[in-house]
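Could you build all of it, start to finish, from the sequences and the hints given here?
So the sequences go chain by chain: E and B.
Heads up: the first sequence begins at 16 in the working numbering, then just goes up one per residue.
Heads up: the second sequence begins at 16 in the working numbering, then just goes up one per residue.
Derived by calculation from the structure, the hints in this document are not laboratory data.
A few of these clues could be false.
The list makes no distinction among identical chains, and a pair is therefore deemed to hold if it is satisfied within one copy or across any two copies.
Unchecked claim - Restricting the straight-line Cα-Cα distance to at most 25 Å, the calculated cross-link-like pairs of lysine to aspartate or glutamate (DMTMM-like) are:
1. Lys81 <-> Asp67
2. Lys239 <-> Asp166
3. Lys239 <-> Asp194
4. Lys81 <-> Asp187
5. Lys239 <-> Glu195
6. Lys81 <-> Glu71
7. Lys239 <-> Asp70
8. Lys81 <-> Asp70
9. Lys81 <-> Glu236
10. Lys81 <-> Glu195
11. Lys239 <-> Asp174
12. Lys239 <-> Asp67
13. Lys239 <-> Asp158
14. Lys239 <-> Glu217
15. Lys81 <-> Asp134
16. Lys239 <-> Asp114
17. Lys81 <-> Glu39
18. Lys81 <-> Asp174
Protein chains: 2
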Amino acid sequence: MSPVEGATPVAAAGATAVAKGIPEATVARLPGYLRALNHLSDNGVATVSSGDLADEAGVNPAQLRKDLSHLGSYGTRGVGYSVAYLRFQIGREIGSAVDWPVIIIGVGNLGTALAQNADFGSRGFRVVALVDTNSALVGTEIDGLTIEHQDDLRRTLRDSGARIAVITTPPDSAQAVCDELVACGITSILNFAATVLSAPHEVTVRKVDLGQELQILAYHEQRKLDGLWPADDDVVAVVAGEAP
Amino acid sequence: MSPVEGATPVAAAGATAVAKGIPEATVARLPGYLRALNHLSDNGVATVSSGDLADEAGVNPAQLRKDLSHLGSYGTRGVGYSVAYLRFQIGREIGSAVDWPVIIIGVGNLGTALAQNADFGSRGFRVVALVDTNSALVGTEIDGLTIEHQDDLRRTLRDSGARIAVITTPPDSAQAVCDELVACGITSILNFAATVLSAPHEVTVRKVDLGQELQILAYHEQRKLDGLWPADDDVVAVVAGEAP
DNA sequence: CCGCATTTGTGCACACGTTCACAAGCTCCT
DNA sequence: AGGAGCTTGTGAACGTGTGCACAAATGCGG
Ligand SMILES: NC(=O)c1ccc[n+]([C@@H]2O[C@H](COP(=O)([O-])OP(=O)(O)OC[C@H]3O[C@@H](n4cnc5c(N)ncnc54)[C@H](O)[C@@H]3O)[C@@H](O)[C@H]2O)c1
Ligand SMILES: NC(=O)c1ccc[n+]([C@@H]2O[C@H](COP(=O)([O-])OP(=O)(O)OC[C@H]3O[C@@H](n4cnc5c(N)ncnc54)[C@H](O)[C@@H]3O)[C@@H](O)[C@H]2O)c1
Numbered sequence: 016m017s018p019v020e021g022a023t024p025v026a027a028a029g030a031t032a033v034a035k036g037i038p039e040a041t042v043a044r045l046p047g048y049l050r051a052l053n054h055l056s057d058n059g060v061a062t063v064s065s066g067d068l069a070d071e072a073g074v075n076p077a078q079l080r081k082d083l084s085h086l087g088s089y090g091t092r093g094v095g096y097s098v099a100y101l102r103f104q105i106g107r108e109i110g111s112a113v114d115w116p117v118i119i120i121g122v123g124n125l126g127t128a129l130a131q132n133a134d135f136g137s138r139g140f141r142v143v144a145l146v147d148t149n150s151a152l153v154g155t156e157i158d159g160l161t162i163e164h165q166d167d168l169r170r171t172l173r174d175s176g177a178r179i180a181v182i183t184t185p186p187d188s189a190q191a192v193c194d195e196l197v198a199c200g201i202t203s204i205l206n207f208a209a210t211v212l213s214a215p216h217e218v219t220v221r222k223v224d225l226g227q228e229l230q231i232l233a234y235h236e237q238r239k240l241d242g243l244w245p246a247d248d249d250v251v252a253v254v255a256g257e258a259p
Numbered sequence: 016m017s018p019v020e021g022a023t024p025v026a027a028a029g030a031t032a033v034a035k036g037i038p039e040a041t042v043a044r045l046p047g048y049l050r051a052l053n054h055l056s057d058n059g060v061a062t063v064s065s066g067d068l069a070d071e072a073g074v075n076p077a078q079l080r081k082d083l084s085h086l087g088s089y090g091t092r093g094v095g096y097s098v099a100y101l102r103f104q105i106g107r108e109i110g111s112a113v114d115w116p117v118i119i120i121g122v123g124n125l126g127t128a129l130a131q132n133a134d135f136g137s138r139g140f141r142v143v144a145l146v147d148t149n150s151a152l153v154g155t156e157i158d159g160l161t162i163e164h165q166d167d168l169r170r171t172l173r174d175s176g177a178r179i180a181v182i183t184t185p186p187d188s189a190q191a192v193c194d195e196l197v198a199c200g201i202t203s204i205l206n207f208a209a210t211v212l213s214a215p216h217e218v219t220v221r222k223v224d225l226g227q228e229l230q231i232l233a234y235h236e237q238r239k240l241d242g243l244w245p246a247d248d249d250v251v252a253v254v255a256g257e258a259p
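Right, here's the structure in full:
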């Protein structure tokens, strides 16, 4: 589309896309597309059609094309999308080009599992700090990272340069931890505690509630057992990550 | 509303509500209301208005009322909702009245954390079986539960009576595990592996992808850093769990 | 017994998200 | 060079979700 576009995908990179307004629903699906593209790339696929990519990502082909159209026209009619180029463009758009530094607050069962999870690295994130209040934990190491005390949060944040915080404390402490993080300038929080966090509107807060997910499953399971199934014909295979 | 309504909420229980069609978006919020109600109940609150409950659950009051109206008319105009009664009704609707038996496939970092998580019990779920392929793990115990071998899946499912399966295996194995579960009659699956699972449409599959959540956060964080913030005035504090 | 303050339940309008259907554009083959 | 066969990008229809605004209903105090 641009006058000169080399074989190397990097050439035609513009500013951060349309600069404004990618629908939230689209943003929520872009990571899925990126994962699908990585998978295809690993298998040596160089070009992919919207249909095939949509299958891999588990969405409707029209939806995929509309989503991608919000980033720009990166496909070629009659051919499809260059896997490498599209991967680069989506990666740039959602900021997976850089390695985001992440801090984990609350190194219990879940916090430890997250800290040891190798998956994060391949997705563009790096755990750079661990914080807890339990003095028995402070000072010990996980994967070469020393656990710091919650009282030193501000210093730990400054030293590590973390930009995204993950809260894995018990629900009671979550709001207090959130307030402290916000006071220290953190504006992106992922919360695993089963509480609604209130934060200033410029702070992005996302929640992952396992219990909630199970309860939604239980609702559907109960309906099936109640014999209301398969009374109607609508699709029930639901894949959620954000809201349906 | 019903002619005779005793102090004990159990009296007026009908069939499974309107029997059909509670919007999916509402279903996704009901667990949150239930949690809020439990919290209020713990604090000795007996009656609550839609405004207060909405605050606790982090939603719009009108939304809350509309959601609840799908279950029936359980409030009293001029007064509000009985915490105990509403809790009972929502619990019955989403099936949290019973203790759902859960099986966890893949007892690694994450699977172990989930198995040890006491939260589940209080939300109406009980881990009744653990399965793995790693022979070093099979036979060992976690919280009094012996880890079974994946090859004995069918027998383990039958013996434990599990109705909901949680997949915490590496992504490569997830689809195979899913297929086996479906073949054994499981119709509700929660998947933590970063893959899109394909299953028959009568099987409900939900996905939790931490990497995806972080990437969505990273997108917003990048926009803030890019100085596109606070250029516009719209709300950005997003709380997700399902999808929008 | 009546009027007032309060809160629910819901009709309605709007915004957002999804899917269809098709013109525009590309490649390849003859 | 030209047409056949695909595939993208997008306008338009449709469906779902959200939030306002208000009538209906309840309790209370005088
Ligand atoms: N483990 C799971 O599988 C799971 C599943 C669903 C939800 N959750 C939720 O995730 C959260 C963590 O779960 P967990 O199993 O790891 O709990 P956990 O009790 O094992 O760990 C909590 C950790 O947080 C630390 N902590 C407490 N207060 C703190 C504070 N103010 N600042 C810093 N650290 C603090 C504790 O010392 C402890 O190490 C809980 O809210 C739980 O409900 C966990
Ligand atoms: N640990 C985390 O915090 C985290 C975060 C995000 C995503 N995930 C995802 O969750 C999944 C599990 O993560 P983890 O850290 O626990 O990994 P892990 O490697 O620690 O555990 C995986 C377990 O699954 C078992 N397993 C492998 N194949 C199996 C099969 N066919 N049947 C039964 N069991 C099998 C392995 O023996 C192992 O015990 C992965 O897909 C990972 O990407 C984990």
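Here is how each hint holds up against the structure:
Only within a single protomer do Lys81 and Asp67 lie at most 25 Å apart by alpha-carbon distance; the minimum there is 15 Å, versus 40 Å between protomers. When the C-alpha separation of Lys239 and Asp166 is checked against a cutoff of 25 Å, the pair qualifies neither within a copy, at 50 Å, nor between copies, at 27 Å. For the homomeric pair Lys239 and Asp194, the shortest alpha-carbon distance between copies (19 Å) is at most 25 Å, but the shortest distance inside one copy (42 Å) is not. With identical chains, the CA atoms of Lys81 and Asp187 are never at most 25 Å apart, being 42 Å at best within one copy and 29 Å at best between copies.
In this homomeric assembly, Lys239 and Glu195 come within 25 Å of each other (Cα to Cα) only across copies, at 20 Å, whereas the closest approach inside a single copy is 45 Å. Taking the shortest Cα distances, Lys81 and Glu71 sit within 25 Å of each other inside one copy (16 Å), while across copies they are farther apart (37 Å). With identical chains, the CA atoms of Lys239 and Asp70 are never at most 25 Å apart, being 27 Å at best within one copy and 33 Å at best between copies. In this homomeric assembly, Lys81 and Asp70 come within 25 Å of each other (Cα to Cα) only inside a single copy, at 15 Å, whereas the closest approach across copies is 36 Å.
In this assembly of identical chains, Lys81 and Glu236 lie within 25 Å of each other by CA distance solely across copies; the values are 24 Å between and 33 Å within a copy. In this homomeric assembly, Lys81 and Glu195 never come within 25 Å of each other (Cα to Cα): the closest approach is 40 Å inside a single copy and 35 Å across copies. For the identical chains of this complex, Lys239 and Asp174 are inter-copy neighbours only, at 21 Å across copies versus 53 Å inside a copy, given an alpha-carbon limit of 25 Å. Taking CA atoms no more than 25 Å apart as the test, Lys239 paired with Asp67 passes in neither setting, with 32 Å inside one copy and 34 Å between copies.
Proximity of Lys239 to Asp158 under the C-alpha cut-off of 25 Å is found in neither arrangement, the shortest distances being 44 Å within a copy and 31 Å between copies. In this assembly of identical chains, Lys239 and Glu217 lie within 25 Å of each other by CA distance solely across copies; the values are 9 Å between and 42 Å within a copy. In the homo-oligomer, the alpha carbons of Lys81 and Asp134 never lie at most 25 Å apart, since the shortest distance is 29 Å inside one protomer and 40 Å across protomers. Taking the shortest alpha-carbon separations for Lys239 and Asp114, only the inter-copy value of 16 Å comes in at or below 25 Å, while the best intra-copy value is 44 Å.
Taking the shortest alpha-carbon separations for Lys81 and Glu39, both the intra-copy value of 13 Å and the inter-copy value of 24 Å come in at or below 25 Å. When the C-alpha separation of Lys81 and Asp174 is checked against a cutoff of 25 Å, the pair qualifies neither within a copy, at 42 Å, nor between copies, at 48 Å.
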